[in-house]
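Chains A and B, in that order, are what the protein sequence lines are. According to this note's numbering, the first sequence holds residues 1 to 443 in order. According to this note's numbering, the second sequence holds residues 1 to 443 in order.
Everything labelled a hint here was simulated from the structure, so no lab data went into it. Among the hints, a few may not be true.
[Claimed, not checked] Far from chain A by the CB rule (all over 12 Å, computed), these chain B residues:
no., residue
1, Glu209
2, His350
3, Gly398
4, Ala436
[Said to hold, decoys possible] With a straight-line cut-off of 25 Å between C-alpha atoms, the simulated SDA-like cross-links for lysine to any residue are:
no., chain 1, residue 1, chain 2, residue 2
5, A, Lys43, B, Leu365
6, B, Lys43, A, Arg384
7, A, Lys43, B, Arg42
8, A, Lys399, B, Phe110
9, A, Lys67, A, Pro330
10, A, Lys88, B, Arg135
11, B, Lys387, A, Met122
12, B, Lys387, A, Ser52
13, B, Lys387, B, Pro435
14, B, Lys43, A, Glu54
15, B, Lys426, A, Pro116
16, B, Lys407, A, Pro330
Since we're looking at a predicted model, the values are computed, not measured. Ideal Cβ placement from N, Cα and C applies to all residues, glycine included.
Number of protein chains: 2
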Amino acid sequence: MGQPAEKAKEKKQIYKPKSISGFPEWLPEIRLVELQWLDHIRKTFESYGFCSIETPSVEELEVLLAKGETDKEVYVLNRLQATEDDAKEARLGLHFDQTVPLARYTAQHFNDLVFPFKRYQMQRVWRGERPQLGRCREFYQCDIDVINPDHLPISFDAELPAVIFDAFAGLDIGRIRMKVSNRKILIGLLDALGVTDVIGTTRTVDKLEKIGESEVANILTREVGLTTAQITPILELATIKTANSKGLSLAPRNAQMEEGLSELGFVLDNLSHLPEGSVVGDLSIVRGLDYYTGTVYETNLLDIPEFTSSVCSGGRYDDLAGSFINRHLPGVGISIGFTRLFDVLHHFGHIKGEKKSPADVLIVLPNDGQRTAAAETARILRGRGYKVELYHAPQKIGKQISYAEKKGIPHVWFPPFDAGGTHEVKTLATGAQTPASPESWTA
Amino acid sequence: MGQPAEKAKEKKQIYKPKSISGFPEWLPEIRLVELQWLDHIRKTFESYGFCSIETPSVEELEVLLAKGETDKEVYVLNRLQATEDDAKEARLGLHFDQTVPLARYTAQHFNDLVFPFKRYQMQRVWRGERPQLGRCREFYQCDIDVINPDHLPISFDAELPAVIFDAFAGLDIGRIRMKVSNRKILIGLLDALGVTDVIGTTRTVDKLEKIGESEVANILTREVGLTTAQITPILELATIKTANSKGLSLAPRNAQMEEGLSELGFVLDNLSHLPEGSVVGDLSIVRGLDYYTGTVYETNLLDIPEFTSSVCSGGRYDDLAGSFINRHLPGVGISIGFTRLFDVLHHFGHIKGEKKSPADVLIVLPNDGQRTAAAETARILRGRGYKVELYHAPQKIGKQISYAEKKGIPHVWFPPFDAGGTHEVKTLATGAQTPASPESWTA
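Let the hints inform the model, and build the full structure from the sequences given.
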C-alpha cells in the first residue's frame with residue numbers, strides 16, 4: 001500500500017461511453033412509458049385472439065435473402081475469434097423484419113399450427129441504414145398477421161385495422177389516419193389500359209399526395225411514356241378518397257379491378273364503427289413492397305405534420321412462404337413501426353416520463369429494530385397487488401420522503417416506530433397523511 | 001398461361017428451413033407459458049420497486065471487452081455489404097450479459113439516475129458457445145441489480161433472494177435451493193493462513209459438492225501445494241451449511257473474515273421468512289467470476305437432479321463501472337438464467353402448453369347477415385376485458401366449435417342467429433350451454 005507502483009496502478013484508464021447512433025436507449029422514466037405502450041399493444045393484439053410467437057434474432061442468410069432484397073442492410077454475425085466449427089455452420093444474419101421469419105416459421109412448423117394462424121410478434125429488428133429521426137438501426141416492430149392455406153377470407157383484411165385502432169386508442173399519439181387501398185384496382189386498370197411499365201406508373205402515382213396531380217401527370221407523360229388517354233382514368237381513380245363502398249361505384253374495366261373494388265368496399269364497410277375520418281379508402285396508395293397483391297394499408301400521424309412517413313403499414317400477400325414450402329399460403333398483415341412512432345413522439349416532446357420507479361408505495365424504515373416488521377408490512381401490501389419499495393436504511397425521515405419524491409413514488413408509508421404504534425400513509429400529491437392498515441388500505 | 005416456359009417457372013425452388021442450433025424457438029402453446037413466466041417475473045421485480053431498463057443489443061467492442069473476458073464468444077456485427085461509412089464507425093458486438101451494459105449505462109447516465117439505482121433487465125443475450133441442454137447461444141436473462149455510489153447497504157444483499165423466491169414461487173419449477181456465501185470469509189481465511197494461490201484454492205473448494213471432501217483435500221495438497229495445517233481449517237469452513245447467523249459462530253482470524261461472517265449472518269437472518277431449506281448459507285460457494293467481492297448466490301433445481309448447474313446466480317461487486325467512470329460504484333445483482341431454466345424444464349416434460357390462442361371466447365359467426373352484430377358483441381366483451389376471437393366465416397357450427405377446441409379457447413359464444421334471438425355460451429370443458437348477455441356475462 002502507498003508504494004509508487006501501487007499508486008500508478010490506481011490511476012484507472014477510463015473509457016467514457018457514448019450513445020451508439022441508431023440504437024436508441026431510454027432513461028428509466030421514458031422506458032416506463034415505452035413499457036406501458038408495449039403492454040397496451042400486446043393486450044389489444046391478444047384481445048382479438050392473436051397468439052404470440054417469438055423467432056430467434058437471427059436467420060440463416062439463405063432464408064433472409066430468399067427474396068433478394070435489402071442485402072446491404074443485413075447485419076451478419078461473426079464470432080470475434082473464429083473457430084473450426086464456424087466454417088461448418090450456416091451463416092447467420094440479424095432479421096430485418098418479422099415477415100420473413102414468420103414465413104420461415106409457418107413453413108417449418110406447418111403441421112403443428114392451427115389455421116387460420118393469427119399471430120402477433122413484437123421484437124427488435126435490425127437494419128444497417130443511415131440513422132435519422134424515426135429511422136433507427138435497431139427498432140421494435142409490433143406485427144399482426146393472419147395466414148391460411150389456399151384461401152384467406154377477406155374478413156381478416158377488415159379485422160386488422162380495427163385491431164390497430166384499438167391499439168392506438170390507448171396511446172397518447174393524437175389523431176391518426178389510416179389509408180387503405182387494394183392493389184388489384186389500380187393494377188387492373190393499368191392492365192385494361194395496356195400500360196406495360198406497371199412499376200414505374202404505380203411508383204409515380206404513389207407520390208400523388210407529395211407532388212400533386214399535375215406533376216404526376218407530367219412524370220407519367222415524360223418519364224413513363226403514357227398517353228393522355230391512359231393518364232386521365234389513372235388520375236381519376238387515384239384521386240378517389242372515400243369512407244365506404246358507396247364512394248367506389250366506378251365501372252370496373254376487368255375482373256381484377258372488379259375484385260379489388262369489391263374487397264376494398266367490404267373492408268371499408270366493416271370499419272364503419274371507427275371514428276369518422278380515421279379510415280379512408282385512398283386509391284393512390286400502392287406501397288413499395290412487391291409482395292403485396294391486394295389490400296394495402298398505411299397510417300399517418302395527423303397531429304405531427306412535420307413527420308409524414310407511415311407509422312403503421314402492411315397489406316395482403318398471395319404467397320407468403322413460397323420459397324420455403326410447397327403450399328400456397330396467402331396472408332394479410334400489418335406492422336406498427338413502434339420505435340419509429342415512439343422516437344418521433346419523444347422527439348416532439350410528447351413523451352413525458354414522470355416516474356423513475358414502478359412503485360406505488362415507499363415504506364419508511366423508522367429504525368433498525370423495525371426492519372423485520374417493516375419488511376412484513378411490505379410483503380402484505382405486495383400480496384395485495386401493490387408495488388412496494390422498502391427504504392434500505394434508517395435515515396432521516398425527510399431524506400426517505402425526498403427519495404420517494406425523486407423517484408415519483410406517490411405514497412409514503414410510515415410503519416409503527418415501536419411495538420405499540422400505528423401505521424400512517426402520506427400521499428405526496430396532496431400532502432394528506434392518514435392512519436392505514438396494510439391489510440385494508442387502498443391507494 | 002399454360003405455355004411451357006410458364007410451367008417451368010412454376011416449379012419453385014424450395015429451401016426447407018430448419019432450426020438453428022442454440023437459438024431456441026417455441027410453438028405458440030409453449031410460447032404462451034414462456035410469456036406467463038416472463039410476466040410473473042417482471043411483476044415480481046416491479047413489486048419490489050425495481051425499474052425497467054433496456055439497453056441496445058449491441059455495445060461497442062471497446063466496452064464489451066473492457067474486462068478482457070469471454071472474447072471468443074462475442075458475436076461481432078458486420079454489414080453484408082460494407083460501405084464507406086463502416087470504417088468510420090465503432091465496431092459493435094452483441095452483448096453477452098446484462099452486467100457490462102448496466103455498468104456502461106450507469107456510467108453514461110450517472111447524472112440522470114436516482115440512487116440507490118434499482119433496475120431490472122430482461123433481454124436476450126448472445127454467446128457463441130457450443131450449445132447443449134440449458135446452454136443456448138441466444139437466451140433470456142432476468143437480472144436485478146442495485147447500485148449506489150461509494151457505499152451500498154448490505155440490506156440489498158438480503159433483498160435480492162427474497163425477490164427471487166417470490167419470482168420462482170409463481171412458476172411451476174418444483175423445489176429450489178439457493179446457496180449463499182460471502183467471499184470475504186474464505187478469502188479472509190486464506191489470507192490468514194498465508195495461502196498464495198487463492199484462485200487455485202477457491203476453484204478447488206468450489207468443487208466440494210461434486211467431488212467430495214477427500215478429493216478436494218487431495219487436489220489442494222498435490223496440485224495447489226497446501227499443507228495439512230492449511231487444508232484442515234479450509235475444509236472445516238467450506239463444509240459449513242447453516243440457515244442463519246447462529247451457524248456461523250466460528251472465530252474470525254482477521255477483519256475481512258469477520259466482516260464476511262457478519263454480512264452473511266445479516267443476509268441469512270433477513271431471509272428467515274422463507275420456507276425452511278430454501279436458502280442455505282454454504283461456505284463452499286465462491287462463483288467463478290472474479291469481480292464478486294462479497295455476497296455470492298447460486299440456485300439449484302432440487303426436483304430435477306439430472307440438471308446440476310445453477311439457474312440463478314449473482315453476487316456483490318465492489319466496483320461495477322470502474323472502466324467507464326471515475327466514481328466508486330458498488331453493486332449487488334442476481335440473474336435468472338431464464339432460457340436455461342425454461343429449456344431444462346421443457347426438456348424434462350414439465351412445460352405443457354395447452355392453449356394455442358390467448359382467447360377466452362370464440363364468437364360463432366352464424367351467417368353473413370349477423371357479421372356486424374357479432375362483431376359488436378365481440379367489442380362489448382373486449383371492452384369488459386375479455387380476449388375474444390370472432391370466427392371469420394359462417395361455416396358449419398361444428399367446424400367453428402372444433403376450431404375453438406383445437407386452439408384451446410374455453411368458451412364458445414352463440415350470438416343471435418337472427419334479429420330477435422338470444423345469446424348463449426357453451427363452456428367446452430363441461431359442455432354446459434346457458435343464455436348470456438355480452439354486458440354481464442362472466443367467464
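Numbered hints the structure breaks, given as an ascending list: Violated: none.
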